[in-house]
Amino acid sequence: MIKSPKIHTDLLWDLTVLFLGLAALYFVSIFFFRNRASRLFRRRGTKRTELAPIISNFLFHSSEDPKEAQKEYVELKIGIREYLADNYFRKILADILFDLQRDVAGGTRQRLFRLFVELGLHHDSYKKLKSWRWNIVAQGILELAQMEVSHAFQSVAKFINDKRGIVRKQAELAIVHLKVDGINYLLDNTKYGISEWQQLKLIEALESITDYNPPRFKTWLISENKDVVLFSLRLIKHYNQNDAADSIIALVKHKDNDIKIAAIHCIRDFHFTKAMDALKLVFAQCSPIVKASLLDTMGEIGSEADLEFLKHVARTEPNFSIANRANRAINTIQPDAILPTKDILEDADFVMETITESPAIPSDGEGLPVENVEVPETGEVIPAVAEKVETIEIEEIQIYDLVEVHTQPKEPEEEEELSPVSEEKSHQLEILELEADLERSLNFSLGLVPVDAAEIDETPENTDYAEMSQESREQLLDEMTENGGASETPLLEFMMEHEEDPELRFKAFNRLRNTAPKSQGPEIAEVEAVEEVAEIALDTDDIGTLSPEHSVFYSLFEHASDLDSKKILIKETIAIGDEKEIAFLNHLAQNEGDSIKDEALKALKAIKERRTNDKNVPSTITSEELLEDVDSIVDEILEGSGPDRLDNHKRDADDGTDPTDDRIPLELCFIYDELGILYNGQREKEDLGLNFELSQEYMYNLKEQG
Amino acid sequence: MKPKELLLAEDDPMLASLLKFRLEKEGYAVALMPDGKAVKECIATHLPDAIISDVMMPYFSGIELVDYLRNELKSKIPIILISTASNEENVINAFKMGANDFLAKPVSPSELLIRVNREIERHQII
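From first to last, the protein sequence lines are chains A and P.
Note that the numbering used here has the first sequence beginning at 1, numbered continuously upward.
Note that the numbering used here has the second sequence beginning at 707, numbered continuously upward.
Bound-form chain A, shown alone (with noise of 0.2 Å):
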């Protein structure tokens, strides 16, 4: 079994008295010292308000004062002397002028520097500075900077190379507050660094002296101390002194990068441009960070004969930072001279949006507004640049297109030479493959053609809208807006084609008329006569203008689910590409693969050889013929054959759909009826032989009768 040992009463007797004992002298000797304290804080707080007036006296005491106050002021010099044999108040009366040499200014504060020597007190300093202390000779040394004992200068300049840090630089900012060339002595003598904080200090003591004329720093730079070198020239920045460029220039070679920094920045500060060649030099064996100030001082002071230095640097330097510095050097020096290119995508992937306005219709079709084209000069028909912009507006068949041509003045002596259009209109006309063009533009005006109408007859809306009853067709017309794009003109189309209802049927042509010209796909397009105009007119080399899109086959190719599909379409251009298919076989054999790239070179050959051999075929339409060709079209629809042509596109167009549907919009009807064309609808009609006049043959048979 284990026992607890035992311990005597006694002892623990002991022990509680002894602790005890500590504890109450603990605090009986807190107490005592700090009632101590505070009674020297307040019998000091007691001798200062005394001292005070007696010092204020001291301060402002004056010879022009009234004998009372001189008076005053003798018994209070004499009582003084007898209190300053005291070391404790000495030290107050000491205290008391530290602290109002901050609060004053002027006269007042160089009085209370003068009495602090008068007092004696600059004694009690002097001895601080044989102190064993650092702290104390620190003090002293303060003291004495504090109150200007400038003949102290000599006791505290004796330890600026003080082994002790404190001390030492103490002893600096004491030596520049006491003499005006006491930094002169400093940068002499001193052969310890000076930190970079410590060169703040002492610039801020100079700038308190007033009407401080410096020295010329230049001559510090030949120091063996390169932290004198180095505050030399901060301060040759500071003051402005720009000369010692031969000096600063030479330290661009020195070895440690401090020095290096500063010079370059005092040379790019002082624009020394005959430092180039220096800098020049020295650049590869710098540093990146010297580098780095190198060439932003190049880019400042740099001129034009010093971008290929820049440029090399660009190109070389394998540091991202520096080569990058470089090139912001070439730019300070000859702006934009290097743009971006990260990451910039280059011309070919952009695509210019060319806004084609369709021009508005108005009702009765006249003042039609027209937009102006520019015509590249096609130097065979038109001899010169069109000057002039007439416009020919097709009214008698209520063609919604315009055809733009560009005329220009004519010359008396080619009016023998050109046929003119007409007697009213001396203008010379030339039109490029306007026929198939035109054909395809009065079907679509007209609404007989849809783009495809094979192809729309079999899209799943279409099917859709078969589907629907009456008034769901009605509500769907009427949801669509009336500027909807070309996704909407298959399904008008297909409704105005196939629609049963007349009123529906009449809308979708509306609507389809509408959206029609305002559309901006590719097969609408074409359609425009201005653009037909610019493509009229076209130079046929210069296919650079054109872009892929401008080809028919482009939307096609993008929407080709696979290879063979779009070799399809590409061999299919062979047949009856132009310039616009040349402009996108190029787009062709430039981005894609090898297949596509290899069967576009093949259809641009084909067709760059078909285009040869046509060019020796004339293949331009004058103007003349182009007018006798639409006066044929007129003139057929006049003579009532028109329809029937129309029908005959329109039929060709809907291939395998039902040829008996020759239906056509009711508006055309009316159209018809103002042009007094017998449509089929009409004939039809008339065929039932429905005449409600008497016949002369009935009159007859009445008057035998009767």
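Hint data in this document are derived by calculation from the structure and do not stem from the laboratory.
Be a bit skeptical, because a hint or two may be false.
In silico negatives: residues of chain A with every beta carbon more than 10 Å from chain P [said to hold, decoys possible]:
1) A52
2) S63
3) E75
4) I78
5) K179
6) K191
7) S208
8) R216
Which stretches of chain P does chain A cover? Using the computed rule of at least three CB atoms under 8 Å from a CB of chain A, they are [stated by the list, open to error]:
9) 711-722
10) 727-741
11) 804-817
Cβ coordinates follow ideal geometry from the N, Cα and C atoms, glycine included.
Since chain A is already given, all that's left is putting chain P on it; use the hints.
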């Protein structure tokens, strides 16, 4: 002739004593106040001819004193503020509140005297 009464509010007794001595030597009757509370109590009963006040004082700052004088007592007596923190914001605030002048420490007693004389004369003219 009754001397002009000045109220000097300064919490540093050495500077206060020095300035008081200088102002009294010039013929002013100077009442010394160690903090803003004492100043308030004093001016609540009796307004001096001018007030010289430190900005940073115990209880009430010099700016608050100006506010109290101008907006509560509706007094137009000259007020000159003294401050170590003579930053732009302090100076602008002081003048916005209605202080007549502002002096940065360290203060030249001679300069202060001239400014006090000028403000009192200006106040008398108004």
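Here's how the hints hold up against the structure:
For A52(A), the non-interface assignment is contradicted: its Cβ lies about 4 Å from the closest Cβ of chain P, within the 10 Å cut-off. Distance check for S63(A) against chain P: the nearest CB is about 14 Å away, which clears 10 Å, and the non-interface claim stands. The Cβ of E75(A) lies farther than 10 Å from every Cβ of chain P, with a closest approach of about 16 Å, so its non-interface assignment holds. With a closest Cβ-Cβ approach of about 20 Å to chain P, I78(A) is found to remain outside the 10 Å limit, as its non-interface label requires.
Look at K179(A): its CB is around 22 Å from the nearest CB on chain P, clear of 10 Å, so calling it non-interface holds up. For K191(A), the requirement that its beta carbon stay farther than 10 Å from each beta carbon of chain P is met, with the minimum near 36 Å. The claim that S208(A) lies off the interface holds: its Cβ sits roughly 12 Å from the closest Cβ of chain P, which is beyond the 10 Å cut-off. Against chain P, the non-interface label of R216(A) holds: every CB pair exceeds 10 Å, the least being about 33 Å.
With 4 residues carrying a beta carbon less than 8 Å from a beta carbon of chain A, the segment 711-722 of chain P meets the three-residue requirement, and the given coverage holds. A stretch counts as covered by a chain when three or more of its residues have a beta carbon under 8 Å from one of that chain; for the segment 727-741 of chain P and chain A the count is 3, and the coverage holds. As drawn, the segment 804-817 of chain P meets chain A at 7 residues by the rule of a beta-carbon pair under 8 Å; at three or more, the given contact holds.
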